[in-house]
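Line by line, the protein sequences give chains V and Y. The numbering of the first sequence is the numbering used here, which starts it at 1133 and goes up by one. The numbering of the second sequence is the numbering used here, which starts it at 9 and goes up by one.
You may find that some hints are simply not true.
Listed next, the stretches of chain V that the computed footprint assigns to chain Y, with coverage defined by at least 3 CB atoms under 8 angstroms from CB atoms of chain Y [unchecked claim]:
#1 1204-1213
#2 1218-1230
#3 1317-1330
#4 1337-1351
#5 1381-1392
Derived by calculation from the structure, the hints in this document are not laboratory data. Beta carbons are placed, not taken as given, at the ideal position from N, Cα and C, and that holds for glycine.
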Amino acid sequence: MEPYQFAVWCDRAVEKIAYRPDRMAVRAELLDHMEEKLADLAAQGKPLREAEAEVVAAMGDPVPIARDLGRLHRPFWGYALRATRWILVLCLVAMVVSALGFVDSWPKGEDTFAQGFYETDQADSDRVCTRDLYPDVSATSDGYTFTVTRAVEWRRENGETGQPVYDFYFTVAVFNPRPWAFHTDILREFSAVDSLGNHYAAYWDAENKDIPHVRGNPVRTGYFTIEHNMWLSGYVSQEAQWIELRYQRAGRNLVLRIDLEGGEGT
Amino acid sequence: MKRGRYQNRPLAFLGRIPRPVRVLGNLAAIALVVFLWYVFEGAPALNLETAFRRAEKAELVGPSEILDVIPVSLGSYNRLLIAEDAEAVILYTHLVSQTTVSSMSGRLVYQEKTGEVTVVPAPAHGLMLSEETAQLPVVVVTSLPQAVRAQLDLELKESDWEESPGSVHISLTAEREEAGYFLFTVSPTGQLPTDREVSLINELGQTSLKEYAGIGVAFPATVRLYGADGQLLHTQSLVIRSRAGDYAEGQAAQSEESGAGT
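All chains, full assembly: derive it from the sequences and hints.
Okay, structure coming up:
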């Protein structure tokens, strides 16, 4: 318990410090100093009351000290620190709430391409994988990178004619590292051509027309990447050496060449 | 030596860092947290132009020159942005509230220029146009700088498989806007029952949307351009059609493609 005289003196000495935490800190320092002095005098054998009075007298008039301390301890940075601390806490809370919603929207589940296009159908005796490719070819435009990650060709038998029919499926990952980038379905503007000259129209150009064209859907969405399962409807390129996906519009010329050589199937 | 009361707390070392530095540190942390908050909220565009530029990139087109932004009533969208570049006319609809730009994407229409006159209906998505608000903007852009007035004649015809297909003849004139384009507003004329006319106007707007590429409509149109002294400068007849054309055209295309195929 601090001596009463010390408390009164310290309170008067710090009363001009506007920012409360600074005021309390300086008060504590002054009090410590006075108690140390008191302890020294008490060790010399002085009576307690006399020692207290001597310490207070030695500290001097608290009024000019208060004025000087008030000038020295401006409150601005103290209030600024407190305000920014509170703003940071509020922003953190808001961010965490947003993050929970964001995480909840992330895709869950397994790689549907592997299951739907390959592994599951290996057990299907009507369908034989004739090509299993990992092209890993990329093209970039307007901040979006398009990568063909996998391509599979199937052979099956037409139930009516008994003739072999071929299907071609592939996966395209569309990546953009900018969080503000819109998700794009621009793959529906891509057409395709093979080394034999066969042409596959873009999806939007093929409506109402029974012509070979590029089709696909987004199947997995991350924040920076969308994966698309794609296929060539009316596929006739089983003898071709390559297939090129093309986007040629508005001054852009994107080409993704899928090399059909190698990648033997079963 | 007895330590001060406030010196024994955890993180006491912070007290040794000058306050201005700590305030700056807090401000930097606030900036980082606000940025992450913005990202987790979907990084919404802060104004219409930003949203438009993002939409251009997502469509792999542009950057184009923005001609104008006009208020419209197109379902959930209340702004129409008109832009062009050397090859195309671009329209972009979006929702702008009093304080923010909606975080949902707008609709971008990319129409390659056709000759000296390009006609682009604003996109009407689904049943966006009700009987009460059926006013569809149609933008006309021309490469003739001396044209100051334009006349647009449209024939909106119902499909042949309708019970008694009717048609609406629309003739509109417009003065050239300061930004250089012509703006027409197509609305019901009373030639057919209102609901049928609204349906036709919706179809006209749907010709601009990729999602309706296969609706199989084609509306003939004629644009006449006049100079300052009223003389006719140019006449262009064209067909405003859905992206994939109409069904008959599709069949013809199929025959062509089959012949040139394997």
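Hints the structure violates: just list their numbers, smallest first. none
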